[in-house]
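> If you read the sequences in order, they're chains A and B.
Take the first sequence: its position 258, counted from the start at 1, is 258 in our numbering, and no numbers get skipped.
Take the second sequence: its position 421, counted from the start at 1, is 421 in our numbering, and no numbers get skipped.
Any given hint could turn out to be false.
[Stated by the list, open to error] Here are the computed distance ranges between Cβ atoms for each label pair:
id : chain 1 : residue 1 : chain 2 : residue 2 : range
1  : B       : Phe21     : A       : Asp127    : 19 to 25 Å
2  : B       : Lys489    : A       : Gly110    : 54 to 60 Å
3  : A       : Gln3      : B       : Phe21     : 43 to 49 Å
Simulated from the structure, these hints should not be mistaken for lab results.
All residues carry an ideal CB built from backbone N, CA and C; glycine is no exception.
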Amino acid sequence: MKQVIKGNFAVSHGVRLSRVKVISAYPITPQTTIVEQLSEMCATGELEARFIKVESEHSAMAAVVGSETAGVRSFTATSSQGLLLMHEVLHWTAGARLPIVLTNVNRAVGPGWNIWADQSDSVSQRDTGWIQIYCESNQEVLDSVIMGYKLAEEVSLPVMVTYDAFFLSHTSEVVDVPEFEEVDGYLPPFEPKFRLDVNDPRMFGGMIGPDYFYEERYVMHRDSMEVLDVYPRICREFDQVFGRQYDVCEAYRTDDADLILVTAGTITSVSRIAVDEARKTGKKVGLMKLRLFRPVPFERWREVLGDASRVTVIDRNMSAGLGGVFASEVKSALFPLEKSPVVYSAIAGLGGRDVTPGDVSGIIDHVLTTDDPVDKPIFWGLKE
Amino acid sequence: MNRDERREKAGLYNFKTWHDFPPMNVSMGNMLHNRTGSWRFIKPVYEDKIPACQQSCPAGNDIEAWIKLIQKGEYEKAYWYVKREEPFPAILGRVCFRFCEEKCNRGPLDEEISIRELERFLGDRVPLSTPYPDLTSFNGKSLCVVGSGPAGMSMAYFARILGYQVTIFEALPVLGGMLRVGIPAYRLPRSIVEQEFAGLRSMGIDLKPDTTVEKDISLEECLQRFDYIFLAPGVHGSKKLGVPGEDTPNVMSGLDLLKRIALGEKVHLGKRVIVVGGGNTAIDAARSAVRLGSDVTILYRRTEAEMPAHPEEIAEAREEKVGFRFLAAPERIEVKERGAIANLVCCEMELGKPDESGRRRPVKKEGGLFDLKADTVITAIGENAVFDSMAKILEKSGGVLDVDEELQVGSLETGEGRVFAGGDIVDAPHTVVHAVAAGKRAAVAIDCHRKGIAFSEVFQEIMVGAGPGISFSAYMGWKPVNPVRRNLKSVVGPEHIVYDYFEKAPRVQKTGLPASERKKNFDVYEDTFSAERALEEADRCIHCGRCTECDNCLILCPDVSVLVKDRGEFGYVFDYNYCKGCGICFTECPRHAITMVDEENPI
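Take the sequences, apply the hints, and build the full model.
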């Protein structure tokens, strides 16, 4: 049923519809209302889940590692500093192959203290082994939670669903909230591949020496790469039930494009407008929406971007000493091509600064006319 | 078993090469062979202990256990459980000064449990005439009790349970001692005292009122007729003021007033009554005088802080409009012809240096004389033993009876170690529960004498905590409510309770008449708890030191080494194969029902 709801509430619905059994989360702006709504749902019985109160995000993640290991579908949510606090446990979750879904509201990392949209938090966790998905709309957020569990439980890897602070978390959009029956038909009950049983106690995550650690880690990478086949299938099945299409990425007007933008999150919506404007003036511009970030869809990115002469990645994140993180990974995906497009890196919107269609148009024009060396990041909108 | 054999046996993950590795490294077999219990150097044991309330009760009343029975709705069982250690719940449930509540560990959280009201609930719930179940047959030995006050009653009760043939001699024509002629009826109705004696009679105890020892029957005759004697005559004499004009009809002692009212006399007091004294007798006399229609003022030579009376009594007296005049004492009583009091001349007092009691000695103020109008003066400045019948015995020991460690009166020439004593005649604190406790101790002391063992040694074993209460149940070998080993010496104080596990809840209030209504007669003005109120209050009990199967240890044990016993038996058992002795169960037990002992300890 269509409702007008904020992104955070879309998450709560996704969690409810996924029949999650254990939730543990610590409040942090702008994630707090997810957890507030979930605890209300638990209180009214709409959601039959155990809510474990904890004193920090590290404990929240540890708590759901515990519950998931005991064989119960579990959920947590956080943002920014909270995600960073969980860092050690994020590594553990992925290495322990626990299919937990975590929704991270993309918020800047301090200091200076900033609560607004910025993807630096989740991109800084890209090496933890988690599957990462970047969402553009509240509908996509709800859908990604449900798909997240289906994907995670099939490949035994945790899924991080991310979306922009305030632009989605606290902004209302029209969202089609499915019914339990529809979701139950798509997402079966969790059947753990292994679980903690006090009557048959095992050792989990014990010591592995130099003789086999490498191979165990390789298995993790191998299974992560399989996601590149599993995920599209999961998306097709979702389309069949719910009539909405998703994929590892989305190509918008890229077929004949000379310049293709690469964006993730709400900058994508804004960029669609800028692309259309550019097309009206005869510029052959296209857009690749980056959805799946880990595992890196190397081949698919090469397919979408390979024929363009220029690619411009707009990063709402920054790794000091490197520049934009998405740009860096796109470059590495394109590197094997005999004739790779020239890749520009633009950084915009850090700390929640608004990125308008005008800004994206400006970036497009700049890229089309500049003489600057390509590997110098374009810090768009930096004040004089 | 070699590696391949182990793999076969494990079955779960049978891989030939790493390509078949499961996604997560999980041990192939289970870990039950790893007996982590071998890491221990200290271990937990379930051990029930003594809650603060039981320790502070002079009689060692096992309060926690019968509160648990109230919570289960087993009121009759709870009633008989009280009577294991304290024979008269309907009486103590009304008049006890609640030493237990003063130390109740619930106090630091919100308010202490209304233990006295719960005991009263049980006392009023079960008919006092219900026969004592499974009474022992007589053991062939007899004893007589001199005095039917609470010490004598208690001694008779416990002695009968031990199998003795008991006779109680009482000088007055009514039975009960201070319970009957001292404590006013609005605190303890006559009918309850009479019913308790009916209960004692039904146990086969012989009651002989109107019989004064050393007047109607001599001590020698008692020694011939009975194997043992227990002296508990109490202290029924009142100290004199020692001022001129004291020996007139309108000056009487508080005890005298209370006895006359109790025996049914229509006492007429003047309009203005002054009560001299600061103890419970003064308060009882004052509140009785109010009910007889007088204006009453209590005159006390020190301040309220030094008054020996119980604060609860002082507060209720104030509510009934009893006036208080502190730091003043009578100087002389000016009497008109035919005995009417013209004037009570008083002197203002000041507090000087402390005396033997530790309180500051009152000293007359220079030029502090003043007049007080009074029609009647009631003296309540302290009790002493009445010398007329037992003079021979008491004169030798200066008005009190000294007893030795075996509770025998050593100073007697006759007696041959068969004369015991207890109650107010021996001890200083003049409360009913102390007398009841003394009677219980004496019964055990006599039984030890009969068995030829030293009571002083037995006393150490059955003492509750640091004493002076004793566990009669321990002496008899009766099983406690919880089938868990019990440590009689280990007392649980507020420092042992984990208050985080308890939610605050207000103390259930008593209901009753307001002060203005109370003064109209000598009827009881407080209601007994209903079953709903009793349950609500009982539910607040923390059950200090006693397992309640709350599951905290079971949930929190990191080694899953707290196991529920089979077949619905009470409590838990530790799996010492795996228990590492981390002490989490001990630390998190909300009520300190677990003890950590050395690994070598054979418990």
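> Regarding Phe21/B and Asp127/A, is the given constraint of 19 to 25 Å on their beta-carbon distance met?
Given about 22 Å between the Cβ atoms, the range holds.
> How does the Cβ-Cβ distance of Gln3/A and Phe21/B compare with 43 to 49 Å: does it lie in that range?
Since Gln3/A and Phe21/B have Cβ atoms about 45 Å apart, the given range 43 to 49 Å holds.
> Would you say the C-beta atoms of Lys489/B and Gly110/A sit inside 54 to 60 Å of each other?
The hinted range 54 to 60 Å holds for Lys489/B and Gly110/A, with Cβ atoms some 58 Å apart.
In summary, the structure agrees with every hint in the numbered list given earlier.
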